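Participant: Residues per chain, in single letters:
Protein chains: 2
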Amino acid sequence: MTANNNTLFQKRVSIEQVEESNELAPKFDKDGLISCITTDATSGEVLMLGYMNSEALEKTIATGEAHYFSRSRQVLWHKGATSGLVQNIVEMRIDDDQDAVWIRVKVAGNGASCHVGYRSCFYRKVPVGNRNENAPGQMDEQICLEFTEHEKTFNPLAVYGDVPNPTQL
Amino acid sequence: MTANNNTLFQKRVSIEQVEESNELAPKFDKDGLISCITTDATSGEVLMLGYMNSEALEKTIATGEAHYFSRSRQVLWHKGATSGLVQNIVEMRIDDDQDAVWIRVKVAGNGASCHVGYRSCFYRKVPVGNRNENAPGQMDEQICLEFTEHEKTFNPLAVYGDVPNPTQL
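For the record, the sequence lines run as chains P and Y. Residues in the first sequence are numbered from 1 upward in steps of one, following our numbering. Residues in the second sequence are numbered from 1 upward in steps of one, following our numbering.
I should point out that these hints are in silico values taken from the structure, not numbers from a laboratory. Please note: incorrect hints may appear among the correct ones.
Heads up, the list lumps identical chains together, so a pair's fine if it works in one copy or across two of them.
[What the hints assert, rightly or not] In silico lysine-lysine, DSSO-like type, Cα no more than 30 angstroms apart, as pairs:
(1) K125 <-> K106
(2) K152 <-> K27
(3) K125 <-> K59
(4) K11 <-> K152
(5) K27 <-> K11
As the structure is a computational prediction, the values presented were derived from the model and not from experiment.
Make a model of the complete structure from these sequences and hints.
Facilitator: Written out as structure tokens, the structure is:
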């Protein structure tokens, strides 16, 4: 073991250690973040893609509740602290090069995870494979997204009030 | 519609357009990339987290086969071109602020997606919620990852030969 005094995480020393060992040696990017895919433990649906800094990953592991780092607000974000929609971890996995985690969660309250009010952040479908036969690899027509959820699970204004919208153009 | 001459994508003009409309207006980060979560269409398992540049996203949409941008090699990457493990898209979704896509795929060949030889890149479990009762939020012991796949689906050396390992320390 290659201990790191500050955290639970090991220092990254070799590709073999990172890919093939049982040591947790996460790679944080140049902004200090690791990606986190969050899925519903029951339905398997992808709810959101979030980001964790070292502190958020440690707190998630220690408490069993999802903590993220908010890129728009630049603060540690205990998911559900405002909305009540806490995400309880059923399982956490990490990928081959340890620069991404996947958490399977049960969401408290009404089960929503998206600030727009939908259950999943991925509430729109992108049509694919609509080949143009005269020009393979080109699309025939303008892409039109299709909504997969038609009712919002909650009213964002009632839950978040005048907290600034995290979406950035 | 706010047409962009170069691509299938719309220019991002408002939060309402990005979150609530049927226009595809993806947000590429400062490296020109958008995140892509790839899950197995049948089992729901997360196979990998990849990245697409504008060209990769267009080709994925037009052909129905997953294309990524390889950050380690800095090239467009038609997944399966070397290994035969092509990912056929069953469904593509995009998230609220349009900076991430989720693709549900059927993988050709032996069904593997991970360069280490496993089916999923997320082949190790991170234990969570092991609270220290004397210091809530702190862990009791060293974290030890647990393998969820015990046999490799293919031999990476036989498939990739001496292509450099994409994992970076």
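Participant: Now look at each hint and say whether the structure bears it out.
Facilitator: How the hints compare with the structure:
| no. | hint | result |
| --- | --- | --- |
| 1 | K125 <-> K106 | both (24 angstroms within a copy, 17 angstroms between copies) |
| 2 | K152 <-> K27 | between (36 angstroms within a copy, 23 angstroms between copies) |
| 3 | K125 <-> K59 | between (33 angstroms within a copy, 17 angstroms between copies) |
| 4 | K11 <-> K152 | between (44 angstroms within a copy, 26 angstroms between copies) |
| 5 | K27 <-> K11 | within (9 angstroms within a copy, 33 angstroms between copies) |
Every hint, counting from the list given before, is met by this structure.
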